[in-house]
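**Q** Quick note, the sequences are listed as chains Z and B, same order. All letters in the first sequence, in the order written, are residues -12 to 218 by my numbering. All letters in the second sequence, in the order written, are residues 5 to 223 by my numbering.
The set of hints was computed from the structure by calculation and includes no laboratory data. Take these hints with a grain of salt, some might be off.
Said to hold, decoys possible - Below, simulated EDC-like cross-link-like pairs (lysine to aspartate or glutamate); rule was C-alpha separation at most 20 Å, straight line:
1) K156/Z x D63/B
2) K146/Z x D66/B
3) K127/B x E114/Z
4) K127/Z x E114/Z
5) K120/B x E82/Z
6) K120/B x E114/Z
7) K124/B x E80/Z
8) K127/B x E82/Z
9) K146/Z x D152/B
10) K127/Z x E186/B
11) K173/B x D66/B
12) K127/B x E80/Z
13) K119/Z x D138/Z
14) K140/B x E18/B
15) K124/B x D84/Z
16) K127/B x D46/Z
17) K156/Z x D68/B
18) K120/B x E117/Z
19) K13/B x E219/B
20) K17/B x D66/B
21) K127/B x E71/Z
Remember, it's a predicted structure, so these values are computed and weren't measured experimentally.
Listed below are the residues making up each chain.
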Amino acid sequence: MINKTVKNAMEAVADIPGNCMLMMGGFGLSGIPENCIQALLAKNISGLTIVSNNAGVDDFGIGLLLKKRMVKKMISSYVGENAEFERQLLSGELEVDLIPQGTLAERVRAGGAGIPAFFTPAGVGTEVAEGKEIREFEGKLYLMERWLRADFSIVKAWKGDTSGNLIFKGTARNFNPMMAAAGKICIAEVEELVQPGELDPNQIHTPGIYVQRIFQGENYEKRIEQRTVTQ
Amino acid sequence: MLTKEQIAKRIAKEVKNGQYINLGIGIPTLVANYIPKDLDVVLQSENGLLGIGPFPTADKVDPDLINAGKQTITMVPGSALFNSAESFAMIRGGHVHLTILGAMEVSENGDIANWKIPGKMVKGMGGAMDLVASAKNIIVAMQHCSKDGQSKLLPECSLPITGIRCVKKIVSDLAVLEVSPEGGFILKERAPGVSVEEIQAKTGGKLIIEGEIPEMTFE
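Only chain Z is shown next, with the shape it has when bound in the complex:
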């Protein structure tokens, strides 16, 4: 098996330049690559375009990269609850491309799967449709949407092996598997890194072919946005 192990997050992100296109897995703060975000913060780069369903919160996740003014553009479906994000957007420092969540997921999937465009009904008749080709199939209207690909994709998994096979946990899977495939270079950080053969091949969510670098992360905070409990 090909060994894709790198030492840590710093080594994994060492060659990520400014002004490049990055994908980052996660939904809200669940399943985000915490270690790589910290490592990016330590780098002196800016002008990043980040594809991520959300933009973190003020003091965690992608919010940290925004605060340090490393991000030029966000491509997301929902960016609420982030005051610094709002400030940068209103002052014109930050560009935002808002995309319906299913369209975002499918554009990333298409990017990894080599499908340059597809048709979806989401957004027909709305401002999302402006400037896009519309076609009728079986009596219903659909928009053409294009694939999304990135220079680097950064994903977070529960378990992985040194050849890059990944298993996710709970709803922390979300956008991670499609992003793994859509990055020219995919960096995977995992909570537990094991040797080939230790993961059941029947249970692999993301086959190692999509992953170029992998390391075992540390000190996961896994912050909760809405802690909701029953008594």
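Given chain Z, put chain B in place with the hints provided.
**A** Using the frame of chain Z, we list chain B on its own:
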């Protein structure tokens, strides 16, 4: 006038055995509390779960298990987890039977606006545009009027649209209404103590009144 809980309770009566259902954030989330226990239904969370259970007890909170509103949740026995592309494949593919969501405005031809107020902060549409474009049946939970008394049931939406000609039924704090395929809100039920005249006065779009309009019940 109905409380939010009563709106949720009335919508729960629309749920049928065997349905897969997506509940939006806000009042729609409350519907889960009122679905009759003898019905077998499965709740979908668009971040990748079929089988949403109740909120966890404090010792069972898992940061890797949240709903689309980022609240901590549990899974019922027989749940399935999947990625976001798969999640929207089941939505777009028409496999989800019922979508219940909130709205800022609905037009008399079934257009819905619920994602953006120009000039104010834009948070994004999340999964709403995908859901309304594909769900077989869409029920909207909403307030009939804005806080300053303007009707939110209009001839045409004034806010940016989320989806066109998609809303089938509305449960507001005043009434249950269906959207006519020919255009117009068909008044089906009144909230307890609310008159047809009041509903008429507070409905901006075309209101269709056929025969005697019963008061709604919740059981």
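**Q** Evaluate each hint against the coordinates.
**A** Cross-check of the supplied hints:
{"no.": "1", "hint": "K156/Z x D63/B", "result": "holds (18 Å)"}
{"no.": "2", "hint": "K146/Z x D66/B", "result": "holds (17 Å)"}
{"no.": "3", "hint": "K127/B x E114/Z", "result": "holds (15 Å)"}
{"no.": "4", "hint": "K127/Z x E114/Z", "result": "holds (18 Å)"}
{"no.": "5", "hint": "K120/B x E82/Z", "result": "holds (17 Å)"}
{"no.": "6", "hint": "K120/B x E114/Z", "result": "holds (11 Å)"}
{"no.": "7", "hint": "K124/B x E80/Z", "result": "holds (17 Å)"}
{"no.": "8", "hint": "K127/B x E82/Z", "result": "holds (13 Å)"}
{"no.": "9", "hint": "K146/Z x D152/B", "result": "violated (53 Å)"}
{"no.": "10", "hint": "K127/Z x E186/B", "result": "holds (18 Å)"}
{"no.": "11", "hint": "K173/B x D66/B", "result": "violated (36 Å)"}
{"no.": "12", "hint": "K127/B x E80/Z", "result": "holds (17 Å)"}
{"no.": "13", "hint": "K119/Z x D138/Z", "result": "violated (25 Å)"}
{"no.": "14", "hint": "K140/B x E18/B", "result": "holds (14 Å)"}
{"no.": "15", "hint": "K124/B x D84/Z", "result": "holds (16 Å)"}
{"no.": "16", "hint": "K127/B x D46/Z", "result": "holds (18 Å)"}
{"no.": "17", "hint": "K156/Z x D68/B", "result": "holds (7 Å)"}
{"no.": "18", "hint": "K120/B x E117/Z", "result": "holds (16 Å)"}
{"no.": "19", "hint": "K13/B x E219/B", "result": "holds (15 Å)"}
{"no.": "20", "hint": "K17/B x D66/B", "result": "violated (31 Å)"}
{"no.": "21", "hint": "K127/B x E71/Z", "result": "holds (13 Å)"}
Figure legend: structure checked against the earlier numbered hints; hints not met, in rising order: 9, 11, 13, 20.
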